[in-house]
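Here the protein sequences line up with chains A and B, keeping their order. Numbered per my numbering, the first sequence spans residues 1 to 930. Numbered per my numbering, the second sequence spans residues 1 to 121.
Keep in mind that the hints were calculated from the coordinates and are not lab data. Possibly wrong hints are sitting among the right ones.
Derived EDC-like pairs: lysine to aspartate or glutamate, alpha-carbon spacing no greater than 20 Å straight-line [to be verified]:
# : chain 1 : residue 1 : chain 2 : residue 2
1 : A       : K675      : A       : D773
2 : A       : K103      : A       : D347
3 : B       : K98       : A       : E775
4 : B       : K98       : A       : D782
5 : A       : K292      : A       : D347
6 : B       : K98       : A       : D773
Estimated spans, in silico, between C-beta atoms of each pair [stated by the list, open to error]:
#  : chain 1 : residue 1 : chain 2 : residue 2 : range
7  : A       : K675      : B       : M92       : 21 to 29 Å
8  : B       : S86       : A       : A757      : 29 to 37 Å
9  : A       : Y717      : B       : I75       : 31 to 39 Å
10 : A       : V804      : B       : L3        : 38 to 46 Å
11 : B       : E8        : A       : R740      : 47 to 55 Å
12 : B       : K44       : A       : I662      : 23 to 31 Å
13 : A       : I787      : B       : R4        : 38 to 46 Å
14 : B       : M92       : A       : V604      : 31 to 39 Å
15 : A       : F645      : B       : K44       : 31 to 39 Å
Model, not experiment: these values are computed from the prediction. Where a beta carbon is used, it is the ideal one built from N, C-alpha and C, also for glycine.
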Amino acid sequence: MTLLLIVLLPLVGSLVPIASARSGRTTCAWLTAILPAIALGIAAWYTPAVFGGQLPQVSLDWVPALGLDIAFRLDGLSLLFVYLVLGIGLLIILYARYYLSEKDSMSRFYAYLMLFMTAMLGIVTADNLLLMWFFWELTSLSSFLLIGYWSHLSEARKGARMALTVTGAGGLCLLAGILLMGHVVGSYSLTTVLEHRELIQQSSLYQPILLLFLLGAFTKSAQFPFQFWLPHAMAAPTPVSAYLHSATMVKAGVFLLARMYPVLSGTDEWFYIVTLTGLATLLYGAFFALIKQDLKGVLAFSTISHLGLITLLFGFNSKLAAVAGVFHIINHATFKASLFMAAGIVDHECGTRDIRKLNGLWRYMPYTTVLAAVASASMAGVPLLNGFLSKEMFLAQSLEAQMLGGLSWMIPALATLGSVLSVAYSLRFIHDVFFNGEPRDLPKTPHEPPRYMRLPIEILILLCIMVGILPGIMVEPILRAATAAVVPGQAPEIHLALWHGFNLPLMMSAIALSAGVLVYLLRNHIYRFHRQFRAVNARQSFEFSVQRVVRSAQWGLDRFENGSLQRYMFLLLLSAVIVAAFGLMDVPSMAGLKSLQPLDPVVVTGAGILCLAGLGTVMLHRRRLLSLLFLSVVGMFVSLTFARFSAPDLALTQLAVEVVTIILLMLALFFLPQKTPKESSGRRVSRDILLSMIFGGVIASLNYAVLTRPLQSISTYFIENSVPGGGGHNIVNVILVDFRGFDTLGEITVLGIAGIAIYKLLNRLRLFMPSSDMEGRPWSPDRYPVILSSVSQTLLPLALLVSVFIFLRGHNLPGGGFIAGLVAAVVIILVYMSRGVEWTQRRMSFNYQPIAVTGVAIAALTGLGSWVFNKPFLTSSFGHFDIPLIGDIELATAMMFDLGVYLTVVGSTLMILANLGKVTTPHRPSKEKQ
Amino acid sequence: MDLRFALEVAVSALMIAGGIFAVIGAMGMVRFRDFYMRLHGPTKSTTLGVGCVLLASMSFFWLKNGHPSLQDMLITLFLFITTPVSAHLLTMSGLHHKLPSAPETKGQPYELDDEDDIARN
Numbered sequence: 001m002t003l004l005l006i007v008l009l010p011l012v013g014s015l016v017p018i019a020s021a022r023s024g025r026t027t028c029a030w031l032t033a034i035l036p037a038i039a040l041g042i043a044a045w046y047t048p049a050v051f052g053g054q055l056p057q058v059s060l061d062w063v064p065a066l067g068l069d070i071a072f073r074l075d076g077l078s079l080l081f082v083y084l085v086l087g088i089g090l091l092i093i094l095y096a097r098y099y100l101s102e103k104d105s106m107s108r109f110y111a112y113l114m115l116f117m118t119a120m121l122g123i124v125t126a127d128n129l130l131l132m133w134f135f136w137e138l139t140s141l142s143s144f145l146l147i148g149y150w151s152h153l154s155e156a157r158k159g160a161r162m163a164l165t166v167t168g169a170g171g172l173c174l175l176a177g178i179l180l181m182g183h184v185v186g187s188y189s190l191t192t193v194l195e196h197r198e199l200i201q202q203s204s205l206y207q208p209i210l211l212l213f214l215l216g217a218f219t220k221s222a223q224f225p226f227q228f229w230l231p232h233a234m235a236a237p238t239p240v241s242a243y244l245h246s247a248t249m250v251k252a253g254v255f256l257l258a259r260m261y262p263v264l265s266g267t268d269e270w271f272y273i274v275t276l277t278g279l280a281t282l283l284y285g286a287f288f289a290l291i292k293q294d295l296k297g298v299l300a301f302s303t304i305s306h307l308g309l310i311t312l313l314f315g316f317n318s319k320l321a322a323v324a325g326v327f328h329i330i331n332h333a334t335f336k337a338s339l340f341m342a343a344g345i346v347d348h349e350c351g352t353r354d355i356r357k358l359n360g361l362w363r364y365m366p367y368t369t370v371l372a373a374v375a376s377a378s379m380a381g382v383p384l385l386n387g388f389l390s391k392e393m394f395l396a397q398s399l400e401a402q403m404l405g406g407l408s409w410m411i412p413a414l415a416t417l418g419s420v421l422s423v424a425y426s427l428r429f430i431h432d433v434f435f436n437g438e439p440r441d442l443p444k445t446p447h448e449p450p451r452y453m454r455l456p457i458e459i460l461i462l463l464c465i466m467v468g469i470l471p472g473i474m475v476e477p478i479l480r481a482a483t484a485a486v487v488p489g490q491a492p493e494i495h496l497a498l499w500h501g502f503n504l505p506l507m508m509s510a511i512a513l514s515a516g517v518l519v520y521l522l523r524n525h526i527y528r529f530h531r532q533f534r535a536v537n538a539r540q541s542f543e544f545s546v547q548r549v550v551r552s553a554q555w556g557l558d559r560f561e562n563g564s565l566q567r568y569m570f571l572l573l574l575s576a577v578i579v580a581a582f583g584l585m586d587v588p589s590m591a592g593l594k595s596l597q598p599l600d601p602v603v604v605t606g607a608g609i610l611c612l613a614g615l616g617t618v619m620l621h622r623r624r625l626l627s628l629l630f631l632s633v634v635g636m637f638v639s640l641t642f643a644r645f646s647a648p649d650l651a652l653t654q655l656a657v658e659v660v661t662i663i664l665l666m667l668a669l670f671f672l673p674q675k676t677p678k679e680s681s682g683r684r685v686s687r688d689i690l691l692s693m694i695f696g697g698v699i700a701s702l703n704y705a706v707l708t709r710p711l712q713s714i715s716t717y718f719i720e721n722s723v724p725g726g727g728g729h730n731i732v733n734v735i736l737v738d739f740r741g742f743d744t745l746g747e748i749t750v751l752g753i754a755g756i757a758i759y760k761l762l763n764r765l766r767l768f769m770p771s772s773d774m775e776g777r778p779w780s781p782d783r784y785p786v787i788l789s790s791v792s793q794t795l796l797p798l799a800l801l802v803s804v805f806i807f808l809r810g811h812n813l814p815g816g817g818f819i820a821g822l823v824a825a826v827v828i829i830l831v832y833m834s835r836g837v838e839w840t841q842r843r844m845s846f847n848y849q850p851i852a853v854t855g856v857a858i859a860a861l862t863g864l865g866s867w868v869f870n871k872p873f874l875t876s877s878f879g880h881f882d883i884p885l886i887g888d889i890e891l892a893t894a895m896m897f898d899l900g901v902y903l904t905v906v907g908s909t910l911m912i913l914a915n916l917g918k919v920t921t922p923h924r925p926s927k928e929k930q
Numbered sequence: 001m002d003l004r005f006a007l008e009v010a011v012s013a014l015m016i017a018g019g020i021f022a023v024i025g026a027m028g029m030v031r032f033r034d035f036y037m038r039l040h041g042p043t044k045s046t047t048l049g050v051g052c053v054l055l056a057s058m059s060f061f062w063l064k065n066g067h068p069s070l071q072d073m074l075i076t077l078f079l080f081i082t083t084p085v086s087a088h089l090l091t092m093s094g095l096h097h098k099l100p101s102a103p104e105t106k107g108q109p110y111e112l113d114d115e116d117d118i119a120r121n
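The following block holds chain A by itself, in its conformation from the complex (with noise of 0.2 Å):
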């Protein structure tokens, strides 16, 4: 379980600065190194285990449906990448506490880097691939919030923009290459997925899970073509790119490689894939950092170019070869991240990161010029340092690939190559900056920075010469437990030594060394050479295809949604009697075995009134007020048709449904014209006409096919289970808020986010407010008429001791949350509408807005009240109570739910008509006027 800890300190970690944030610059630092301190110690006291052969797991269920476990390992290359996520991770917060300007806040960019430190740490000791993943995607949202952390700057929030696509997307690969893994080896856990090699390497499936996994890794670590995103991620903070770009963010991808290694190499894809990718990237990159005028812009680039060498040994196929891999992963991180620092002090103190403008630093910052000189000369690979021992490996590796046949010696020139560009920019970086003459025209004077901003590069470069100078003592054990998780089996004789004789690879290096010294010298010819070329801008680029893309997902969509609700209302119906039409043929004839019920006169006149009703509804729609009549006869009847077959809570509801729907069009109407202009031309109307007949005809036999046949229903289950189960006599009620309680959860958050959402659309509306109606004739100045107004305030007591009786009774009678919610709604409405707006609400001033939410949180805390007792979202209970002067009387949890139901309806309702009567109240023409 201590195993847990590494991660989750620094999560918890990620709040430190922000609950510290007013306790100064300093203090804040401090507090927020302490729990990945913490981590790291914990991790160091793993570390003998570790090396001793050992593997600490720990595994908790997350969605164990899913294979998805909470599930950490902490092997060797583990432990390796949280030594580097958690040690650097430390540097950088010193240094941030440095680089930071008063104007940034500190707090925020700490949560984020400790957001991200704990992704990074997720992903290097995930047991599980889907959590591995999980972590992968949360790098790349924190990395997004990193790079884009000066938000004011277009630049960084382009680049932050970009990165965040191009890696989301490749993870989106990486998962769809997971699930294909976990398809085959039928379980995500990575302790099994590394045992099953064959397996994997056997099956059909092979090929696109490379290809996936790969592009993973790719997008990630900046390969070629993916590499255009990392440049732009150079507007991101200093101690941000040292961070993302040395040790951790591009380094999840070669870590993924080293990771899935055990599983994936050894086969032909893997070789070419890999190794041109890599061996592209390589070159590309150093070319490229050749060119750039930008300070960051030359590191960024031979990060590509290292990450591309990396990437290139892990595809020899060759276990010293990946061991080379693992070693120059920890020799970049540690050389690159000093460098970034380096270019963030020059930036710092000078002001500008423009090569061409700054020049000779060594006059006013020398202590610096040696840190980043030892630097550059370790990513040079210059002997006595680390990053010599590992290009060494790289190139002796590169003269063992022979799977290109008789053009093998092509890899260990070009890796040559590679190492002669190298050196150059790492010469440039150094000559061009701290030496060459005098800087010209910088913002500010240069000095050394302060005592602890140079700190952290000082222990970086001290590593790299220990590292150099003692590899055996230095680095052997930790590279020897890495390689054992990279290669397992016959571990590989690793010789960490500065001399191994004169030999191949020695005479390669001094050969990069000489040649990387003349290509500087003959800059300038590459410099022309590059001049010929137009510059191509990736973020331009980008963007341009974001948009496209963006364009062409618009007008798709709008062939479908063009917000014509007619077109919707009849593709909806059409697709309706589409699914039911061909149902239907199914079967083989309309009329089922039960025989007819007798024709009943009553029901017979009710039918034909609502035909009627609804015919007249429609032929009626263009004089609008008029429609709306035979709408609520429509709904008058509806509701008389569940009185007769016996559903008195659905008689009741539907009545103060209609009531309540009736009085808000109305309101509605009356901002509306008072007759509906022709608009249909007769063709359209036809077709129309024709799709609603069919639709009548089609839901007509549906129906009478179903009820002429025999039917075993649910409702038997409800019929015996309502009282023992729920504790009630009134089954609907008990569906509605214990069997079904969920489903109306949901439709009470529905309901109210429907009533905030039109409380928002008419918050500000105003409208123009005709002095008379249609035909010119003046409002009534009779605005409240006296009888109305009187009855209806007689009647606000009595209705809503109604509506509370109605509530009470619910459970077991008709009645229940939703009727009585409505019945109060409408009294309160009828007040509205007989004393106006102002007068009610100086009398109820308070907001609808916070009963309807208050209302939802009532119900869902009903619901989650029973997790309290262990059972499961929204289980009742229910009990006889003796009450003093009331008697014996059964309660019902259901009854808080209810009573949330019950807010709920009152608030939106009622939110709805207070807003619509405000649009209209202070522009009415009053008595006073005339």
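Given the coordinates of chain A, work out where chain B should sit on it, guided by the hints.
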């Protein structure tokens, strides 16, 4: 027995009276000439009719179940509250819209006079 018979006669009488009132109200709706006169039918006659039927129903179930039923009482109460209100509102809007009145209609409210009269008020 006698009392029961007498009550049954009363219930039947109420039922018949209610029916007659309702028919008269409906006939009034058809026969009267203008809006103002027609309003009398549903408001006065029919309300009386429904009231009679409700009274009959109330007494009947009292007789049958042995205890009075409150619901019918409430219906009656609400009926007597709502009818005047809707009648009043209908009349008001009729006057506001200046619906024409038949010559037989007695009494001319000022709303139906001239525009100037309204201005005076």
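Could you tell me which of the hints above the structure violates, numbers in ascending order?
-> Structure breaks no hint.
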